[in-house]
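Visitor: Now for the letters of each chain:
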Amino acid sequence: MFGLVGAPQLAFCWINDLRRFVLIALPYFWLLALFLVPFVIVFKIALSDAALAIPPYMPTMKDGLSAMFLQLDFENFVFLTEDDLYWKAYLSSLRIAFISTVLTLLFGYPIAYAMARAPHEWRATLMMLIILPFWTSFLIRVYAWIGILSTEGLLNRFLFWIGVISEPLTILNTSTAVYIGIVYTYIPFMILPIYAALERLDASLIEAAEDLGCSRMKAFWLITIPLSKGGIVAGCFLVFIPALGEFVIPSLLGGSGTLMIGKVLFEEFFSNRDWPVASAVAVILLLILIVPIILFQRNEQRQQDAEG
Amino acid sequence: MVDTVFAPWDDPNVAPLISFKNVTKRFGDFVAIDDLTLDIFEREFFALLGPSGCGKTTMMRLLAGFENPTSGSMLLSGHDIAGIPPNKRAVNMMFQSYALFPHLSVWENIAFGLRRDGVVKDVLNARVEEMLKLTRLEKFGRRKPHQISGGQRQRVALARSLAKAPKLLLLDEPLGALDKKLRQDTQFELMDIQEQTGTTFVIVTHDQEEAMTVASRVAVMDEGRIIQVATPEKIYEAPNSVYVADFIGDVNILTGPVKAAGVDTYSLDFGGTEPVTANSDRAFAEGETVHLAIRPEKIGIHAERPDGPNTVQGKVLDIAYLGNLSTYHVQLPNGQIIKAQTTNTRRISRRAFTWEDLVWISWSATAGVLLDQ
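Sequence lines, in order, name chains A and B. Residue numbers for the first sequence follow the numbering used here, beginning at 1 and rising by one. Residue numbers for the second sequence follow the numbering used here, beginning at 1 and rising by one.
In case anyone wonders, no lab produced these hints; they're calculated from the structure. Beta carbons: idealized from backbone N, C-alpha and C, even for Gly. There's no promise every hint is true.
As the list claims (entries may be wrong) - With the C-beta cut set under 8 Å, the calculated list includes, among others, these residues of chain A facing chain B:
hint, residue
1, 210
2, 212
3, 215
4, 224
5, 226
6, 227
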């Protein structure tokens, strides 16, 4: 009797287990195929030697599996430490990413604050205006800045016209242009999380702070800023992480003086055709990025815990 | 002679703590407060009662300093406070949502106002501990607001607003978020704390029972005006208008022309078989249409016609059984329904009346109040 009752139940359990396994396995398979496997390939290339061949490195599978693994070494990583170009580029990228994150925060916070305080019926429109630039190609938008910032560009002509300057300003091909480009491109990533945090803020908290003796300014520092901290941290990481590896903006707007690791990486790959060194640069860049990414994840986690 | 009754409003020598003088507040075309004049005295527990949108919250925000009057003046201890920002007023507020700072612990929430005043550390610590003790929160000082219950949050909000020992404490629907049982307990707690601290409380509520329980005086508001200000007993027993009578508790209204029927006595023809008589201190003209307001518990219900002035026959239409009380809805021959309430001193199986029974209801001439509006 028990066997008769048990069999369909067992089958049901088995199907349920399978279903759960598939549900969990699918996203992991996705991550494995699209992130881990490419990373392993890049890491393998980083351990190889440059060669005049197609692909431009050796050893490859053609040399046999055991030979391929035996000939790998850390030569390229050692090379990165010997040539000061690389660590200077890393440091310079970190500095530029950090300064532009701070600048983006300084410009983004007031915009997010104004949006959160705007009348309810305006907010969707304002949000749309923030997102709208994404509908145009990123490349075209950065190109447009060349037209604005160049010596004969719109900005110089405008400043000349209103009489602020008599000599055209050199902005294009300097670090300033890179900062302008990064702040312009990434400011929506700063505004959106801060706006989300500020919009949830209960207005009566500010009134309560004022009622207990705070001036407007003090209430802002003691209540608004701490309660939007989650949004600020999220926004800073969302700007810092892509800005660190940024390639398009420094190569289009920056001059030869602006050293950024993204640009070095590009030149190593396409101008030098030294895939192994380029791969080593990429691996180190990834390792540098892992720290802020983990911190970002932890911030998100804490945020969720605090709400739950 | 020691006067033990707390009634500073009857003493012309006592200066009020707060006085509103012809205060009007407009938001665009909307008049939230309409030419309001009112005195509130020290150590009072004053309740502002009214339906939503009657202006009670606006009045509270005027007192806190979040709004400024469009015209008129507001005095606190004799000084005009119009234009003084909320952080410079000796007035604190307990918010309806409690508005506890979620990133600060209970202890830090209570200390918040004291820190802004730059209170010395020892004094501050002592004061916060005192507040925690007063509100029975000693064990919860280190917790964050989201780690405590609704009732505890309510007490934190109270402790925080009392910490600076304000001259006036404003409470905006302070018990609105609590369930009924907890609300009733907390009402008595609030009264105890008010007595212990001697602070003047102004409470905003739409719950008439709450206002009656806690307040020394109640102001019934409607459409930006105060309809009546009086002690809970007077508001209940001697309302000045049908609006107040109807807003506070249950009431039966009989309407019709009056005729004088002796000293301070009138006979009112409400359209029944015979007119009813009622006493009134107030004089009415012959034939004036007036309203007689009688509370259900002041109406008796009988099987046989009793002796007395006001007896009307009717049919039991409905019985609302509330456990301790029963309310009978009795339909009169003219169609009007009168509510009569009796205490259930007997078990329900021995109830004297049931649906469709013909009964006599009666009340004394002094049971009701005659009102002209």
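Visitor: Each of the hints needs a verdict: does it hold here or not?
Guide: Consistency of the hints with the structure:
1. 210: Holds: closest Cβ of chain B sits about 5 Å from residue 210(A), inside 8 Å.
2. 212: holds, 4 Å
3. 215: holds, 6 Å
4. 224: violated, 11 Å
5. 226: holds, 5 Å
6. 227: holds, 6 Å
Against the hints set out earlier in the document, a violation occurs for number 4 only.
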